[in-house]
Amino acid sequence: IAGITQAPTSQILAAGRRMTLRCTQDMRHNAMYWYRQDLGLGLRLIHYSNTAGTTGKGEVPDGYSVSRANTDDFPLTLASAVPSQTSVYFCASSSGTEANEQFFGPGTRLTVL
Amino acid sequence: GQNIDQPTEMTATEGAIVQINCTYQTSGFNGLFWYQQHAGEAPTFLSYNVLDGLEEKGRFSSFLSRSKGYSYLLLKELQMKDSASYLCAVLNSGYALNFGKGTSLLVTP
Chain A
1 IAGITQAPTS QILAAGRRMT LRCTQDMRHN AMYWYRQDLG LGLRLIHYSN
51 TAGTTGKGEV PDGYSVSRAN TDDFPLTLAS AVPSQTSVYF CASSSGTEAN
101 EQFFGPGTRL TVL
Chain B
1 GQNIDQPTEM TATEGAIVQI NCTYQTSGFN GLFWYQQHAG EAPTFLSYNV
51 LDGLEEKGRF SSFLSRSKGY SYLLLKELQM KDSASYLCAV LNSGYALNFG
101 KGTSLLVTP
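Listed in order, the protein sequences are those of chains A and B.
Take the first sequence: its position 94, counted from the start at 1, is 94 in the working numbering, and no numbers get skipped.
Take the second sequence: its position 78, counted from the start at 1, is 78 in the working numbering, and no numbers get skipped.
In short, the hints are calculated from the structure, not lab data.
Note that the structure is a prediction, hence the values are computed from the model and not measured.
Note that CB positions come from ideal geometry on N, CA and C, so glycine has one too.
Don't take every hint at face value.
To be verified - If we take Cβ atoms under 7 Å as the criterion, some of the chain B residues that face chain A in the derived model are:
1) Leu91
2) Ala96
3) Gly102
Given the sequences, and given the hints that come with them, work out the whole structure.
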């Protein structure tokens, strides 16, 4: 693994189903984030984690949950998917230092029907 | 609240110079970032400004005025590969970035 990876690359999901998007980084970054990107709305923060064991809500957290059991992994779960959650999801990580450059994963394209 | 504004679209000619502006009104300020995003790809870091002034990095420069809540990204000697979306983002409290909606730049021959 080099950098930050996401799985799956894309997924078509029936409404009401549960789905977990995976994110793993090998840079030993303290902070991790989940964004969704929709046409005309830009990147919006769903949840974040400043360090392992802690999480926080971003701008659009409803319908999503996260966990941060260790430094490397930050899964995003949709408990019961709805069509409005159709989007491209990006995971990102940063060292959490002052400059706080964020490194983004390749994204997951999710379609909820 | 958070408000970050940048133009939706811009067009420029190969070899020219283009300036993409970003204005912001945010609660707290710990720096401003510019990211580049090609279609279908992840955003990649371009620049970071936390103090007023100009930061130059090759063909790209970024300027910040904290008192005016204003930044711009300057791209010189435009190349076709510079066609992309450019995202302005503000780091306020904590570590989370607030992104503008992005500026789609088209470079024409």
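Inset, instruction - Please write out, lowest number first, the hints stated earlier that are contradicted by the structure. - result: Nothing - there is no hint that the structure violates, so all of them hold.
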